[in-house]
Amino acid sequence: LAVSGATVSGLALGPLMPLALDTYGWRGALLLLAAVSFNLVAASALLRPPRPVPDPPAVPPSLPPPPSPRAPLAQLLRHGPFLRYAAAFALLDAGYYVPFVHGA
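Heads up: the sequence shown begins at 1 in full-length UniProt numbering, then just goes up one per residue.
You may find that some hints are simply not true.
What follows is a list of derived Cβ distance ranges for each label pair [as the list claims (entries may be wrong)]:
no. : residue 1 : residue 2 : range
1   : 86        : 43        : 28 to 36 angstroms
2   : 31        : 58        : 36 to 44 angstroms
3   : 64        : 34        : 42 to 50 angstroms
Note that these hints are calculated values from the structure, not bench results.
In this text, a Cβ means the ideal position worked out from N, Cα and C, and glycines have one as well.
Can you build the whole structure from these sequences, using the hints too?
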């Protein structure tokens, strides 16, 4: 459900954009697409969750821990679960865009 909007809009805009191009020309079609996108942005701004009210601190704030002597990026690139996560998303992205690129 979270990513179905891109697929639905891709299926809907395929036949609608040539119709808009024939009816309004390329400038009018882009203006129409921009207007629809702007309305969706404005509507999605209303769906943001309210900001949480911060709780008053129960204890006085302490100093943050000292930074690690090693660089955080170097630590992350040696972290096995992160590497598996990054590799899985790289493979997912490589396969996800194939129908969009080669299906047109």
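Status of the hints after comparison with the structure:
1. 86 with 43: 28 to 36 angstroms: The hinted range 28 to 36 angstroms holds for residue 86 and residue 43, with Cβ atoms some 33 angstroms apart.
2. 31 with 58: 36 to 44 angstroms: Cβ of residue 31 to Cβ of residue 58: about 55 angstroms, so the range 36 to 44 angstroms is violated.
3. 64 with 34: 42 to 50 angstroms: holds, 45 angstroms
Hint compliance for this structure: hint 2 alone is broken.
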